[in-house]
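Undergrad: Sequence:
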Amino acid sequence: MSGTQLSFAEKDRIVPGAQWDELVPGDVGWSSSHLASLAQVLADGRSTALMIVEAGRVAFQCP
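Heads up: the sequence shown begins at 5 in the numbering used here, then just goes up one per residue.
Source of the hints: derived by calculation from the structure; they are not laboratory data.
All figures in this text were calculated on a predicted structure; none of them were measured in a lab.
Wrong hints could be hidden among the right ones.
Stated by the list, open to error - Label pairs and their calculated CB-CB ranges:
1. D25 <-> L54: 15 to 25 Å
2. S37 <-> V62: 17 to 27 Å
3. D48 <-> G21: 29 to 39 Å
4. H38 <-> A59: 14 to 24 Å
5. P67 <-> P20: 27 to 37 Å
6. P67 <-> V28: 13 to 23 Å
7. S41 <-> G21: 28 to 38 Å
Glycine residues also receive a C-beta, built at the ideal position from the N, C-alpha and C atoms.
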């Protein structure tokens, strides 16, 4: 590979800036109903936060 050519992984890499892009969880295979259940379990427990990142974009965050 030459010094200026990027690999497939490098050219498709998403690096968040000041704000993260979001995506629709169902569009990338996450179950919205399961995530809603997870949010309820986390709210009832001792977790303070959870963030799921898919390909450099936020798929889910709680709270």
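Undergrad: Does the structure break any of the earlier hints, and which numbers would those be?
TA: As far as the earlier hints go, only 5 is violated by this structure.
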